[in-house]
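Protein chains in written order, with my numbering: chain Y, 15 to 125; chain S, 33 to 148.
It is possible that part of the hints are untrue.
Heads up, simulated SDA-like pairs for lysine to any residue below, C-alpha to C-alpha not over 20 Å straight-line [said to hold, decoys possible]:
1. Lys-40(Y) to Ser-70(S)
2. Lys-120(Y) to Lys-89(S)
3. Lys-120(Y) to Thr-45(S)
4. Lys-41(S) to Lys-40(Y)
5. Lys-41(S) to Lys-120(Y)
6. Lys-120(Y) to Ser-42(Y)
7. Lys-70(Y) to Gly-90(S)
8. Lys-89(S) to Lys-41(S)
9. Lys-40(Y) to Val-127(S)
10. Lys-40(Y) to Tyr-82(S)
11. Lys-89(S) to Gly-108(Y)
12. Lys-120(Y) to Gly-90(S)
13. Lys-41(S) to Val-58(Y)
14. Lys-120(Y) to Val-127(S)
15. Lys-120(Y) to Glu-141(S)
16. Lys-124(Y) to Thr-45(S)
Derived by calculation from the structure, the hints in this document are not laboratory data.
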Amino acid sequence: SQQGEEDPQALSIQEGENATMNCSYKTSINNLQWYRQNSGRGLVHLILIRSNEREKHSGRLRVTLDTSKKSSSLLITASRAADTASYFCATDAGSNYQLIWGAGTKLIIKP
Amino acid sequence: DSGVTQTPKHLITATGQRVTLRCSPRSGDLSVYWYQQSLDQGLQFLIQYYNGEERAKGNILERFSAQQFPDLHSELNLSSLELGDSALYFCASSVPRQGPNTGELFFGEGSRLTVL
């Protein structure tokens, strides 16, 4: 069953603008992770946020976690063409030693 | 470079055939995960091994099997291939952890399988 649901499914913005993607999940979690996938390539880990954390930063990335709403958001500031990719959230619900993945948000940055 | 190596990168075969995909995890990582990603789709978890033992099983077909060897490399065997098996197959590894919590996964570049 799918735990994470990303929203929107696709997002197209101008270079330099901020991009926000959301992820909702259904059960309590240990942590939530965000990954980036360039077309046809392997996934790259971006940020892991634990259930007792509310916000985390890494460079131009900001992730928030609201466990009461069972949701997370990924903000990419000052977007660049190289940010064009699909972004996936994955939750660790502590069951079965596996992450549960969303279907991803496809982000296109227009020059 | 994630440190996870997958071979082959591309594979074209016919229906009914059998193929083996290989994965070498990052040095020191004991867990290996296999995922399937069909065109423009999300990730489908297949199976996980930890230090040679099967730890978790996802939506893996009976025609598919995997194993992890003593040197920690893993192989995914796909048999009686069908057109719908065409996909990207990813291997990922993670650092050893106590308990069921799953941390960061490191992905290989994938093996693209095309079944004609």
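Cross-check of the supplied hints:
Of the pairs offered as hints, the one joining Lys-40(Y) and Ser-70(S) is violated, with about 24 Å between alpha carbons and a cut-off of 20 Å exceeded. Distance restraint check for Lys-120(Y) and Lys-89(S): the Cα-Cα separation of roughly 28 Å exceeds the 20 Å cut-off, and the hinted pair is therefore not satisfied. Note on Lys-120(Y) and Thr-45(S): the hinted pairing is violated, with a Cα-Cα distance of about 30 Å set against a maximum of 20 Å. At most 20 Å may separate the alpha-carbon atoms for a hinted pair to count; Lys-41(S) and Lys-40(Y) exceed this at roughly 35 Å.
Pair hint Lys-41(S) plus Lys-120(Y) does not hold up; C-alpha atoms about 24 Å apart against a cutoff of 20 Å. The straight-line distance between the Cα atoms of Lys-120(Y) and Ser-42(Y) is roughly 26 Å, outside the 20 Å bound, and the hint therefore fails. Simply put, Lys-70(Y) and Gly-90(S) have alpha-carbon atoms about 30 Å apart, too far for the 20 Å limit, and the pair is violated. Distance check on the hinted pair: Lys-89(S) and Lys-41(S) sit about 24 Å apart at the alpha-carbon level, beyond 20 Å; violated.
At most 20 Å may separate the alpha-carbon atoms for a hinted pair to count; Lys-40(Y) and Val-127(S) exceed this at roughly 26 Å. Distance restraint check for Lys-40(Y) and Tyr-82(S): the Cα-Cα separation of roughly 27 Å exceeds the 20 Å cut-off, and the hinted pair is therefore not satisfied. Pair hint Lys-89(S) plus Gly-108(Y) holds up; C-alpha atoms about 15 Å apart against a cutoff of 20 Å. About 25 Å separates the Cα atoms of Lys-120(Y) and Gly-90(S), which puts this hinted pair outside 20 Å; it is violated.
At roughly 18 Å between alpha-carbon atoms, Lys-41(S) and Val-58(Y) fall within 20 Å of each other, so this suggested pair holds. With a CA separation close to 28 Å, the supplied pair Lys-120(Y) and Val-127(S) exceeds the 20 Å bound. For the suggested pair Lys-120(Y) and Glu-141(S), the alpha carbons sit about 19 Å apart, so the restraint of at most 20 Å is met. Between Lys-124(Y) and Thr-45(S) the CA atoms are separated by roughly 37 Å; this puts the pair beyond 20 Å, and the hint is violated.
Of the numbered hints listed earlier, those contradicted by the structure are 1, 2, 3, 4, 5, 6, 7, 8, 9, 10, 12, 14 and 16.
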